[in-house]
Amino acid sequence: MHELSLVTSIVETVNETLAANPGARVLEVRLRVGALASVIPESLEFCWGIVSEATPLEGSRLVVIVLPVVVHCEPCGIDSELDGVQSFRCPRCGEPCAEIRQGRELEIDSIEIDDGEVSE
Amino acid sequence: MTTRIVELRRGILKKNDELAAGLRASYAAAGVLVLNLVSSPGTGKTAFLERTLRELKARGARVAALVGDLETDNDARRLAASGAPVRQINTHGICHLDAEMIGKHLDGWEGVALGALDYLFIENVGNLVCPSSYDLGERIRVVLLSVTEGEDKPLKYPTLFNSADAAVITKIDIAVPCGFDRELALRNINEIRPGIRIFETSAKTGAGMEEWLAYLAEARAGQS
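Quick mapping for you: the protein sequence lines, in order, are chains X and F.
0 is the number of the first residue of the first sequence in numbering that gives the first Met the number 0; add one for each residue after it.
0 is the number of the first residue of the second sequence in numbering that gives the first Met the number 0; add one for each residue after it.
Because the hints were derived from the structure by calculation, they are not lab data.
No residue lacks a Cβ here, since even glycine has one placed at the ideal position from N, Cα and C.
Incorrect hints may appear among the rest.
In silico SDA-like links for lysine to any residue, alpha-carbon gap of 20 Å or less [said to hold, decoys possible]:
1) LYS13/F <-> VAL63/X
2) LYS14/F <-> THR7/X
3) LYS14/F <-> ARG24/X
Here are some of the chain X residues that sit facing chain F, going by a computed Cβ distance under 7 Å [said to hold, decoys possible]:
4) LEU3
5) THR7
6) SER8
7) LEU35
8) SER37
9) ILE39
10) VAL65
11) GLN85
12) CYS89
13) PRO95
14) GLN101
15) LEU105
16) ILE107
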């Protein structure tokens, strides 16, 4: 698996974003990961503490939102969520579905930051 | 403390995706059909590619190959016997090829210009997990499965099988002694990637190669 390189890339991207907010500290990073992205959330979390150490991300939470696969069924004309990744068929009519509408995502959704200003 | 949410919506592999998009554009401009071959270690990617290169060359096609492995240039030496230019990429522990490695190895490749090629094959590192996330700019991703591996490989590695454009079953000359259940394997591939083109081949006997080569020629003709 390559979770370590993914986490390194996430930390780099977030750090680039922070360049516009000097002094800011990251509290939380939210990821959107499709069920077909072949990424294990636990492995990402395992690497998180190590890679974020001594960066503005140190101590931040990593939240992984797992997105189920959504297929498009041509005959039914509808999109449907699938329970797993063992069969790519329309849950309504049972026809095989070649078109994937969701499930390959591997992205940083948002970050929560503390700008570091002192408030009364 | 004042906290706020900043929306990023950025692909984690954005850097790779951007590099791959650049490669894809340069392949298209050069008119070369690029294929990315992916499988477990031991499926017979190299033997299949050796035969493909040899047969394409015999038909007058201009071919080349990049081959990825953690260590050694054994595969490059095997493939070079076909007479095609071959370049080894050693990843030194990295479990997949990425767009940056491809770009680097294309740049400094002496005597090989994309514009002078009809086909470029990229043999990925033997791994059915990680290569699925890394776009190399290829037009066609080919997943290979040998008759010795078990018919349920597509179910075990759905991500990769689902991202493939074509599937090649290798070593069909030993299907019978291996007790290979052909129908089950085909059904499993179709369950994970409905409608995918499947080729049943043997690099040893040449079975299925005509159909595969016809598919390549069609794909190449269809891209311009």
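To see whether the hints hold, each was checked on the structure:
1. LYS13/F <-> VAL63/X: holds, 18 Å
2. LYS14/F <-> THR7/X: holds, 12 Å
3. LYS14/F <-> ARG24/X: violated, 24 Å
4. LEU3: violated, 11 Å
5. THR7: violated, 10 Å
6. SER8: holds, 6 Å
7. LEU35: holds, 5 Å
8. SER37: SER37/X check passes; min Cβ-Cβ to chain F is 4 Å, inside 7 Å.
9. ILE39: violated, 10 Å
10. VAL65: Cβ of VAL65/X sits 14 Å from chain F, so the hint is violated.
11. GLN85: Check passed: Cβ of GLN85/X comes within 6 Å of chain F, closer than 7 Å.
12. CYS89: violated, 10 Å
13. PRO95: Status holds, d = 3 Å.
14. GLN101: Violated, about 13 Å.
15. LEU105: Holds, about 5 Å.
16. ILE107: Holds - the Cβ of ILE107/X comes within 7 Å of chain F, reaching about 5 Å at its closest.
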